[in-house]
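*Asks:* Make a model of the complete structure from these sequences and hints.
Residue-level listing of the chains:
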Amino acid sequence: MLLALILIPLLAAIAVALSPRTSPALPRLLALAATGATFVISVMLFLRFDIAGGMQFEQTMAWVPSLGLRFHVGVDGLNIGLVLMGCIVAFAATAVSWDIQRDEKGFYSLLLAMIGGILGAFVSQDLFWLYFFHELALIPTFLMIGVWGRGEDKNYATFNITMYLTLGALIALSGLILLYLQMPLADRTFDIQAMTKHFQLHPIAAGDQNLIFGLLMFGFGILVSLWPFHTWAPLGYGAAPTANAMLHAGVLKKFGLYGLIRIALPMLPAGSQRWLPVLALLCMGNLVYCGWVAMRQRNLNGLIGNSSVAHMGFCFLGIASLTLVGVTGAVLVMIAHGLLAALSFGLSGYLYSQTGTLDIPRLGGLLRRLPFIGAALMIALFAGCGVPGFANFAGELMVLFGAWKSGVTGHWMVVAAAWAGLIIGAVYMLRAIRNMLHCPEAEGAGEWIDAIGSRRWPYALLIAALVLFGVAPGLLTDAIKPSAEAIVKMASSGKANAVAPAAPLLKAASTH
Amino acid sequence: MATQIENIAWWILLLPLLSAVGITLFTLRFHKLSAQISIAAVSVSFLLSLLLFVALPGSAFSVSASWIHVADLSIDFRLILDPLSKLMLLVVTGVGMLIHIYSYGYLHDDRSLSRYFASLSLFTFSMLGIVLASNFVMMFIFWELVGVSSYLLIGFWYEKASAADACKKAFLTNRVGDFGFILGILVVWAALGSLEFDQLKAVLAAHPGKLGAMAGVGGLLVFCGAMGKSAQFPLHVWLPDAMEGPTPVSALIHAATMVAAGVYMLCRTFFLFQATPAWPEALAFLHGWTALDIIAWIGGATALMAALMAVQQDDIKRILAYSTLSQLGYMVMAVGLSGPSPAMYHLTTHAFFKAMLFLGAGSVIHACHHEQNIWRMGGLFRKMPITSWTFLLGALALCGVQPLSGFYSKDAILAQAMEHSLPLFGLAMGVAGLTTFYMFRLVFVAFFGKERGEQAAHAHESPGIMTWPLRALAFFTVASGVMGIDHFIAGAFAAGGHEAASLSFAEALMAPFAHSPAAAFLGLFATMLGLSAAWACYGAADADPLPQRFGSIAQTMRHRFYFDEMYEEAIRLTHDAIASVADWIDRWLISGLLVRGAHGSFEVFGRFLRLLQSGNLQTYAFLLVAGLLAIIYLSFSH
Numbered sequence: 001m002l003l004a005l006i007l008i009p010l011l012a013a014i015a016v017a018l019s020p021r022t023s024p025a026l027p028r029l030l031a032l033a034a035t036g037a038t039f040v041i042s043v044m045l046f047l048r049f050d051i052a053g054g055m056q057f058e059q060t061m062a063w064v065p066s067l068g069l070r071f072h073v074g075v076d077g078l079n080i081g082l083v084l085m086g087c088i089v090a091f092a093a094t095a096v097s098w099d100i101q102r103d104e105k106g107f108y109s110l111l112l113a114m115i116g117g118i119l120g121a122f123v124s125q126d127l128f129w130l131y132f133f134h135e136l137a138l139i140p141t142f143l144m145i146g147v148w149g150r151g152e153d154k155n156y157a158t159f160n161i162t163m164y165l166t167l168g169a170l171i172a173l174s175g176l177i178l179l180y181l182q183m184p185l186a187d188r189t190f191d192i193q194a195m196t197k198h199f200q201l202h203p204i205a206a207g208d209q210n211l212i213f214g215l216l217m218f219g220f221g222i223l224v225s226l227w228p229f230h231t232w233a234p235l236g237y238g239a240a241p242t243a244n245a246m247l248h249a250g251v252l253k254k255f256g257l258y259g260l261i262r263i264a265l266p267m268l269p270a271g272s273q274r275w276l277p278v279l280a281l282l283c284m285g286n287l288v289y290c291g292w293v294a295m296r297q298r299n300l301n302g303l304i305g306n307s308s309v310a311h312m313g314f315c316f317l318g319i320a321s322l323t324l325v326g327v328t329g330a331v332l333v334m335i336a337h338g339l340l341a342a343l344s345f346g347l348s349g350y351l352y353s354q355t356g357t358l359d360i361p362r363l364g365g366l367l368r369r370l371p372f373i374g375a376a377l378m379i380a381l382f383a384g385c386g387v388p389g390f391a392n393f394a395g396e397l398m399v400l401f402g403a404w405k406s407g408v409t410g411h412w413m414v415v416a417a418a419w420a421g422l423i424i425g426a427v428y429m430l431r432a433i434r435n436m437l438h439c440p441e442a443e444g445a446g447e448w449i450d451a452i453g454s455r456r457w458p459y460a461l462l463i464a465a466l467v468l469f470g471v472a473p474g475l476l477t478d479a480i481k482p483s484a485e486a487i488v489k490m491a492s493s494g495k496a497n498a499v500a501p502a503a504p505l506l507k508a509a510s511t512h
Numbered sequence: 001m002a003t004q005i006e007n008i009a010w011w012i013l014l015l016p017l018l019s020a021v022g023i024t025l026f027t028l029r030f031h032k033l034s035a036q037i038s039i040a041a042v043s044v045s046f047l048l049s050l051l052l053f054v055a056l057p058g059s060a061f062s063v064s065a066s067w068i069h070v071a072d073l074s075i076d077f078r079l080i081l082d083p084l085s086k087l088m089l090l091v092v093t094g095v096g097m098l099i100h101i102y103s104y105g106y107l108h109d110d111r112s113l114s115r116y117f118a119s120l121s122l123f124t125f126s127m128l129g130i131v132l133a134s135n136f137v138m139m140f141i142f143w144e145l146v147g148v149s150s151y152l153l154i155g156f157w158y159e160k161a162s163a164a165d166a167c168k169k170a171f172l173t174n175r176v177g178d179f180g181f182i183l184g185i186l187v188v189w190a191a192l193g194s195l196e197f198d199q200l201k202a203v204l205a206a207h208p209g210k211l212g213a214m215a216g217v218g219g220l221l222v223f224c225g226a227m228g229k230s231a232q233f234p235l236h237v238w239l240p241d242a243m244e245g246p247t248p249v250s251a252l253i254h255a256a257t258m259v260a261a262g263v264y265m266l267c268r269t270f271f272l273f274q275a276t277p278a279w280p281e282a283l284a285f286l287h288g289w290t291a292l293d294i295i296a297w298i299g300g301a302t303a304l305m306a307a308l309m310a311v312q313q314d315d316i317k318r319i320l321a322y323s324t325l326s327q328l329g330y331m332v333m334a335v336g337l338s339g340p341s342p343a344m345y346h347l348t349t350h351a352f353f354k355a356m357l358f359l360g361a362g363s364v365i366h367a368c369h370h371e372q373n374i375w376r377m378g379g380l381f382r383k384m385p386i387t388s389w390t391f392l393l394g395a396l397a398l399c400g401v402q403p404l405s406g407f408y409s410k411d412a413i414l415a416q417a418m419e420h421s422l423p424l425f426g427l428a429m430g431v432a433g434l435t436t437f438y439m440f441r442l443v444f445v446a447f448f449g450k451e452r453g454e455q456a457a458h459a460h461e462s463p464g465i466m467t468w469p470l471r472a473l474a475f476f477t478v479a480s481g482v483m484g485i486d487h488f489i490a491g492a493f494a495a496g497g498h499e500a501a502s503l504s505f506a507e508a509l510m511a512p513f514a515h516s517p518a519a520a521f522l523g524l525f526a527t528m529l530g531l532s533a534a535w536a537c538y539g540a541a542d543a544d545p546l547p548q549r550f551g552s553i554a555q556t557m558r559h560r561f562y563f564d565e566m567y568e569e570a571i572r573l574t575h576d577a578i579a580s581v582a583d584w585i586d587r588w589l590i591s592g593l594l595v596r597g598a599h600g601s602f603e604v605f606g607r608f609l610r611l612l613q614s615g616n617l618q619t620y621a622f623l624l625v626a627g628l629l630a631i632i633y634l635s636f637s638h
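Just so you know, the protein sequences line up as chains A and B, in that order. Heads up, the first sequence is in the numbering used here, so the first residue is 1 and it goes up one at a time. Heads up, the second sequence is in the numbering used here, so the first residue is 1 and it goes up one at a time.
Just so you know, the hints here were simulated from the structure itself, not pulled from any lab data. There could be a bad hint or two in this list.
What the hints assert, rightly or not - Simulated crosslink set (BS3-like; lysine-lysine; CA at most 30 Å straight-line): (1) K489/A - K405/A; (2) K197/A - K405/A; (3) K405/A - K450/B; (4) K210/B - K405/A; (5) K450/B - K383/B; (6) K197/A - K489/A.
*Replies:* Structural data, given as structure tokens:
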């Protein structure tokens, strides 16, 4: 089933690329069918998932045995929710792409490749494939922003996002390679579970752990817009076509966080002890500083982009807390934010298609003119400032609780995070509501048309998922808990090692 | 037993939610149907509450629904049914039901009536959630939801910029309180290891010192939540602005429910404040004070300040808003004086007569075609007899005139103050006098004398759908003082949980004079004083004499002591300033390339970029890696 999840979009991508030019509607239909199928499969997987824990729906195939390369996919509590969220977002992103009028064939085949890559990255249990699929998803992202992007900033944004993300991926890659090299020659493998088991039994020297963890943290961190490597995100999302922004901000961006939890924490416990306090400090930058930056945005996408960067701070804080509650909360925020970011960018895309601008002062009274889109946007903005009833609240609440009792993250950090989430977030979200949705209608509003019929359901689907997991977060947390527990336990085993003095960086590096 | 009676509470809670969801999804176009659904939902909730009140003695819990269970964080949704919540259920659904009905008369031709009733149902649901919450997180969740639904209601006429600003201000001010609240919850949870009220209470009863040095801080942080919702100084600024919502909304939110939530929460968590008082090292100067002392003084200060502000307002709704603030100050002060039961008592009676006053004001505004300035009314008594009589009754109750309910509950607070703190007793007396003064200023100017405006001249009585709720509330305004509510509440806080012996009607009527004669007589005396002063100033006035006589003092009172201006300036100097700096850094330093022209001349930028692109990428990549290495190096070198 997991294999089908990857293959359906990838095969559909090829089919779209080969489809005849004479049937212009075909690419979109194929893409909808493929993402619809993956959506159904992911729901079935989620329903059949056993919350008792462990890796499930595994599929393995030997590939290059001499290098220890296998094709290995599986889901446990950590990624089952992410896969479901990814499929929902992919379906919705495909559906809202009706405004793409230019070279639909190219667009949908790249979009499907990106979706296949994203799902592949999240289900792979093999380092090689994990990285490969991530790159497979990343490259179409760059191309699509460059070709179908919008705004005068397009070239600059494409350049910026490409450079940042490539760099992040390369730094992470160097860390992963060093990690691979730490395995004894005889049992070298890329299999994540085997590697984790090995490094638990035979921990890497503390100095090397520190180096590798540092590389992974910054590499993955850049992919997740860790402060101060975040400026590509608002810029890139502002220029990206709607579907891209939804998929990248919603799903692909979570890859870095997933990598940190799946790979860095359990394999490098001593490194975690060393670096998590730094991560906790940097994420204050995300939460507070980027919140302030968001307060100053006059453009809706700039606001959503910066607030999305700020929300990543909650994920980082939860991970840095290294408590079960915090890490589970972080995973929950990842899922919730994925749905929310997709919803927000989807709505801003619709607005742009009607108004031709996302300049907040030039929008006004949208609730009256576009009741559905306006109400949906209001829901998104409220969910973004942590209103209960949406999954984001549950996740952020857990992060606060987890971080409060953690030895790593200080109480002042929780105070700052609560201030950022409750006050700063509310200030910019409510200002946006006041200026865009409330107040008298803006000039030219008479020509804007509300979403009707089938254009509504992608948004309805995302809102429904947000509400479902907000009202019953146990659906996710019960599944996440066993996996998160194992990882927190493994990562905490580094406490004993961390007491030993860390080797200086240069010495650690010279051992290779 | 398959279905236990306490599980009815789930229906009480969920019916308004079903109504809100149903209206939003299906009946937005059918205004009358939406109104019927919403009114039916709250009415059934009320009847079920009544059933529980009668049929369920003592305390009970409903079945619980699991929410989050991870490690040491376990949160369930469980509904608490004790005397406190059963009484509050009746108040919320009872007063709420009357306001629902009244709303239909008041707003029947509004084009967004369905949206109104959906928001109203959502609000009722949220408020009932607070009442029924059995643990801190559940209370916090509904606390936030009340914030959201009140936002929707205050901003109902969102096309008016003033309404859009008011709802934003209400939400943000409440959020500041909630910020303290959530930290308080974290402190309590970390120290006591539970979130359930009954478990926390048991733990603290067994080990009063278990909160350690954080006892005072934890209590005050939790109080922050109440400070926001119940609009206590210094977070009081949102309440008067929130009058931008439709008048029935003001009646519901600002009289009977939302603002009462803070007081209710303090009563619910009163056990926290009975812990051994202690302060951390940094707050050693507070030694000798308890959290309750501070709460009492904040309540007292709010009561006095709001009463002073009310004296110089001209908008009929704003006067009532400040009087609400002032009465909430009374309640909070009572809690601070270790008297949760007088506070709950006053909350209950106040809910009746304040809702009636607001609905009466709505009736007046409706009749005067949305004229709200009392100086353009006058002579309404003859034109609107039902509205005027009920309004007068409400005003008398608010002033604490025997035998109306306000007298009994206010007297309970005065007696409590007399027993615990004479300075606060004096302050409370002063507020009582002021209350009568500004209320009768309103009554004399708006209802008596001659018509001073075109609208007032053509006013006529409102239809029955609006006057019948007034009549019903008038009944409770008269009767709720002698119905034994105080004994019922006292039973909730008594150790055994048993109700005290009921008094006969005559005994109940005169109980305050038997219990604490000095407080009762002094209270009545203050009222008389205020009344005669109001008569002297406004008995036959066509314009307000105070500004001339007191000049700048009156001016300051009229401008609400300039709190709003001070806050705006403070926010501009802090958050907005920091945000600009952060934005500047982001744009010019972190974003780094300094390529964007300051005036957004993208053409220049594009050319520039083309020139720089190849070299720039390398420079930038180099800088990034260099920075990264520097960070890695620095973090190892210490």
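*Asks:* Next step is simple, just say for each hint if it's right about the structure.
*Replies:* Evaluated hints:
{"no.": "1", "hint": "K489/A - K405/A", "result": "16 Å, holds"}
{"no.": "2", "hint": "K197/A - K405/A", "result": "28 Å, holds"}
{"no.": "3", "hint": "K405/A - K450/B", "result": "67 Å, violated"}
{"no.": "4", "hint": "K210/B - K405/A", "result": "17 Å, holds"}
{"no.": "5", "hint": "K450/B - K383/B", "result": "12 Å, holds"}
{"no.": "6", "hint": "K197/A - K489/A", "result": "13 Å, holds"}
Violation of the numbered hints given earlier is confined to hint 3; every other hint is satisfied by the structure.
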